[in-house]
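Trainee: Based on the hints, put chain B in the right spot on chain A.
This is what each chain is made of:
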Amino acid sequence: MDSPIIPVVVVVLILLSYRLVHRIFVRRLAQDDRLNLRPLPGFDVLKTQIGRAIESGSQMHITLGQASLHGPASPASIAAINMLGHLAEEGCMNDAPPLVTVGEATVLLAAQGKLRHSFEAVNRPEGYKPWLVHFVAHQTEPYAYAAGVSGIIHQDKITGNVMMGQFGTELMLIAEAAQRRDMSQVIGTDDPTAMALATAVTPNSLIGEELFVAAAYLDKTPEQIANLRIQDIVRLFIMLGILVWAVIQFVTNL
Amino acid sequence: MKQIIPFVIAIATGLLTLIGLLTGTAVVNIILEGAAFLAALALLIGIINLFIVHAHRLVTKRNIYSLFLLASMVAVLFLGFTDGNQEIGLTEAFNWVQRPLEAALASLLAFFLVGAILRMARQRGDRWTSLFLFTVILILLTSALASLRFVPDSISTGATQVRQIIDSLFVTAGMRGLLIGVALGTIMLSLRVLVGLERPYNK
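As you go down the protein sequences, you meet chains A and B in turn.
Under this note's numbering, the first residue of the first sequence carries the number 1, and numbering increases by one thereafter.
Under this note's numbering, the first residue of the second sequence carries the number 255, and numbering increases by one thereafter.
Excised from the complex, chain A in its bound form:
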């Protein structure tokens, strides 16, 4: 007889184990000065883009994609919103807050909250204005979204273009608009087709799971790098599991 208790217990054990392993890694990393991370050019360019926007008195444009926060692709939007939080503080402190565009209404509210928190974190709550975050079009209208974002890129005083979240082929329209203004671009998405387009447009693209590790690369705190280390270990187990399973299947089918 299937008991619903067993899956619940398994899930609770997984969550508690994650928390425990995370704490162990944080303690170890706090004592270790060597925080070796594989270099990802996209994150290095992100930091320079902020500085460039501040120096030129313009804004960095960040667009957060079209995945809703209650759908299956919500982690991409959550990762993008977290990245917004890490990028926005320096700009908010120096009177150059990012211009944020979103393609989904739930992401709008989360992005507004994140930007407001960024202003509060640098003791400038009066700097937040609702029109710093634009809702462009709903997720059912990707080309309307791309057209709206392209229009903003063409019309406003923007130095760099950052695209993080879920995008489809309409990414090409936005990237081309930024390319025509000679902007440096950083693109991170979870869609394989969009990833392929991103690599053609810019060398600073975040492939696959790199979108989800932004906090570790931008913050470099032991807590965030511990998350990255756990992810690396789980990836290793998955790789070994796939290899072992492939060998077993090969041997049994001989």
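Just to be clear, a hint being listed does not mean it is correct.
Unchecked claim - Derived BS3-like pairs (lysine-lysine); straight-line CA-CA distance at most 25 Å:
no. : chain 1 : residue 1 : chain 2 : residue 2
1   : B       : K315      : A       : K129
2   : B       : K315      : A       : K157
3   : A       : K47       : A       : K220
4   : A       : K47       : A       : K129
5   : A       : K157      : A       : K47
6   : B       : K256      : A       : K129
7   : A       : K129      : A       : K157
Claimed, not checked - Derived Cβ-Cβ restraints for the label pairs, each shown as a range:
no. : chain 1 : residue 1 : chain 2 : residue 2 : range
8   : B       : D407      : A       : D156      : 51 to 59 Å
9   : B       : D407      : A       : K47       : 52 to 60 Å
10  : A       : P125      : B       : I391      : 51 to 59 Å
11  : B       : A437      : A       : A121      : 30 to 38 Å
Claimed, not checked - Computed footprint of chain B on chain A; a stretch qualifies when at least three of its residues, placed anywhere within it, have a C-beta under 8 Å from a C-beta of chain B:
no. : segment
12  : 8-17
13  : 146-160
14  : 166-180
15  : 213-227
Keep in mind the hints are simulated off the structure, nothing from the lab.
The beta carbon of each residue, even a glycine, is placed where N, CA and C say it ideally should be.
Mentor: Structure of chain B alone, referenced to chain A:
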């Protein structure tokens, strides 16, 4: 306190939803329906945001495109009110304005992609760019040889086989690797949100 309340709500809702999905209880339906209702409310807020942003741009920057957008919003809203249940005006506006514009934008994708590839070849002359260009040419060539009528059958079949090998070995393997990586990142991020290590709703 300002940070604790959203934290508690987020963790409790997440755990309740997860346990509800695992056990099949009715509480998960209530939570998901609530989420759908909030998403609809968020859409209304998004439309208001769109109106406010472009009204602000019109007033402060005299942006003509914002004027067109606001006029379009009002016009479609008017059509929606006058149509009632029939949606004739809205359907006509969609078929005669939006669809052709979307088709035009979609048709630009191929040209932009070719332009991006040429720019990549000019600006980034590394081995990966060469591999990218070689792959593009190979795919186009095999597709053309497989589908053109005047090509002998032996060449056409050979081209189809080459294309299948590329698809099944390299493309499928690469796509699966990417998707496994994305799935891993998604799962780990979701775990971090559930245990409170990642807080997109807080500082």
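Trainee: Hint by hint, say whether it matches the structure.
Mentor: Hint-by-hint comparison with the structure:
1. B:K315 / A:K129: holds (16 Å)
2. B:K315 / A:K157: Since the Cα atoms of K315 of chain B and K157 of chain A sit roughly 12 Å apart, the hinted pair holds (cutoff 25 Å).
3. A:K47 / A:K220: holds (13 Å)
4. A:K47 / A:K129: holds (24 Å)
5. A:K157 / A:K47: Holds. K157 of chain A to K47 of chain A sits at ~19 Å (cutoff 25 Å).
6. B:K256 / A:K129: Judged against 25 Å, a Cα distance of about 21 Å means the pair holds.
7. A:K129 / A:K157: The hint holds at about 17 Å.
8. B:D407 / A:D156: 51 to 59 Å: Holds: the Cβ-Cβ distance is about 57 Å, inside 51 to 59 Å.
9. B:D407 / A:K47: 52 to 60 Å: holds (57 Å)
10. A:P125 / B:I391: 51 to 59 Å: With a Cβ separation near 56 Å, P125 of chain A and I391 of chain B satisfy 51 to 59 Å, so the hint holds.
11. B:A437 / A:A121: 30 to 38 Å: At 32 Å between Cβs, range holds.
12. 8-17: Since three or more residues must qualify, the claim that chain B covers the segment 8-17 of chain A holds, with 4 doing so at under 8 Å.
13. 146-160: Holds: 4 residues of the segment 146-160 of chain A have a Cβ under 8 Å from chain B.
14. 166-180: With 7 residues in contact (Cβ-Cβ under 8 Å with chain B), the coverage given for the segment 166-180 of chain A holds.
15. 213-227: holds (count 4)
In summary, this structure violates none of the numbered hints.
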